[in-house]
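> Take the given structure of chain G and dock chain V to it, following the hints.
Protein chains: 2
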Amino acid sequence: MTPLAVIPFRPLNPKSRLGGIMTREERELFATAMLTDVLEAVTAAGCTPLVLATTPYAVAGARVSVTDADLSSALNTLLCDQDGPVLIIMADIPLATKEAVSAAISTRADVAIVPGRGGGTNAIFLRHGSSFSTDYYGQSFMKHCRIAEERNLSLEVIDSFRLYVDIDEEEDLVDLLIHGTGKSAGLLRSFGFRPVSMQGRVSVTRSSP
Amino acid sequence: MTPLAVIPFRPLNPKSRLGGIMTREERELFATAMLTDVLEAVTAAGCTPLVLATTPYAVAGARVSVTDADLSSALNTLLCDQDGPVLIIMADIPLATKEAVSAAISTRADVAIVPGRGGGTNAIFLRHGSSFSTDYYGQSFMKHCRIAEERNLSLEVIDSFRLYVDIDEEEDLVDLLIHGTGKSAGLLRSFGFRPVSMQGRVSVTRSSP
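From first to last, the protein sequence lines stand for chains G and V.
Plus 17 on top of the position in the first sequence (first one is 1) and you've got the numbering used here.
Plus 17 on top of the position in the second sequence (first one is 1) and you've got the numbering used here.
Hints are computed from structural coordinates only; laboratory data are not their basis.
As the structure is a computational prediction, the values presented were derived from the model and not from experiment.
Careful, some of the hints might be misleading.
To be verified - Straight-line C-alpha distance at most 20 Å; calculated EDC-like pairs for lysine to aspartate or glutamate:
1. G/K200 x G/E42
2. V/K200 x V/E187
3. G/K115 x G/E57
4. V/K32 x V/E173
5. G/K115 x V/E173
6. V/K115 x G/E173
Unchecked claim - Footprint (simulated), chain G over chain V, 3 or more residues, beta carbon under 8 Å:
7. 80 to 94
8. 134 to 140
9. 155 to 169
Even for Gly, the Cβ is constructed at its ideal location relative to N, Cα and C.
Next comes chain G alone, as it looks inside the complex (with noise of 0.2 Å):
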């Protein structure tokens, strides 16, 4: 049965932590381009993509759903209704490819948690959607493991930098230029943005493009 991939989505002012080194237009692009990204992803590995948006919306090759719910409501009213399998994944991790969602969607367990960068939850693959209920606000990932114990369902977790690095911030840019091939590191080039060697660790820098 093809997997329904629900990606939460929010259109206006998004990505505020890049508000210093983008404008709000280009945040908005930007985020475009990576639920872009993501969307081609899921499509190539076989789902059904499904953007929950947080304010009306339209974008290519989706169905889109408005809802003024918070994150983890929005998504717990929806699997209520979800029999099938159902992978609920994050719109701001770009570097996602379809081999990534793949080993995601493949697991034997009942569900599969992809962890993000500092205890978060980027994805969540349910064998049936309606066995589970998300808890995204803190320590995500922990808490998502723990009601995949409750509830006795068996939980792989998923190991994929892909699906890990999400982009919140200057920093996380770096990472993005070096590994982006698709349409929102295409963009962030084009706004002029280029990887850096700084002492340690590699930054951005951005010039005219």
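Same frame as chain G, now just chain V:
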């Protein structure tokens, strides 16, 4: 043929960027614990470990070679004599598991590169050690891809967050506390470090053990 796993290691005053939250003695214990975790993973994956230390050092389960050359020079001198398979793997990636290391060393390509956060290289597997020459200064991931290309070596990039997460700064400790099951995560906990929810991502706090 059993791959040689070369692990560069700095025994004295390591991990200086953790100096704000750990004493020098704690950092030395912590670096040794991380090395032990990496040794365990590479040994379980079937490699023969060799610690390449900057000062005299002894550790259970591995031969130690001491060098005062810089990282790339020391590694390249060593690679010259290695016609067999070599894995070069950093000592500060304590989430490494047998499975993740096995995925890297079972590549069908001539070279497998494991990216680290921010453009770094956390591991390189070489089917023939002498075929390659490393360059760890600056944006090493891109450099290593270019070196493989220049030498007409086929290349695979390994997708593993367990090998991607390197521990350099305070914010990196969160993922070790959350995902770590080895010696270094245990030591961190014994030092009193705990994950704590802040706005957005999770951070760490330290209390009396």
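> Compare the structure with each hint and give your call.
Hint check results:
no.: 1; hint: G/K200 x G/E42; result: holds (16 Å)
no.: 2; hint: V/K200 x V/E187; result: holds (18 Å)
no.: 3; hint: G/K115 x G/E57; result: holds (8 Å)
no.: 4; hint: V/K32 x V/E173; result: violated (29 Å)
no.: 5; hint: G/K115 x V/E173; result: holds (16 Å)
no.: 6; hint: V/K115 x G/E173; result: holds (16 Å)
no.: 7; hint: 80 to 94; result: violated (count 0)
no.: 8; hint: 134 to 140; result: holds (count 4)
no.: 9; hint: 155 to 169; result: holds (count 4)
Going through the hint list in order, the structure does not satisfy hints 4 and 7.
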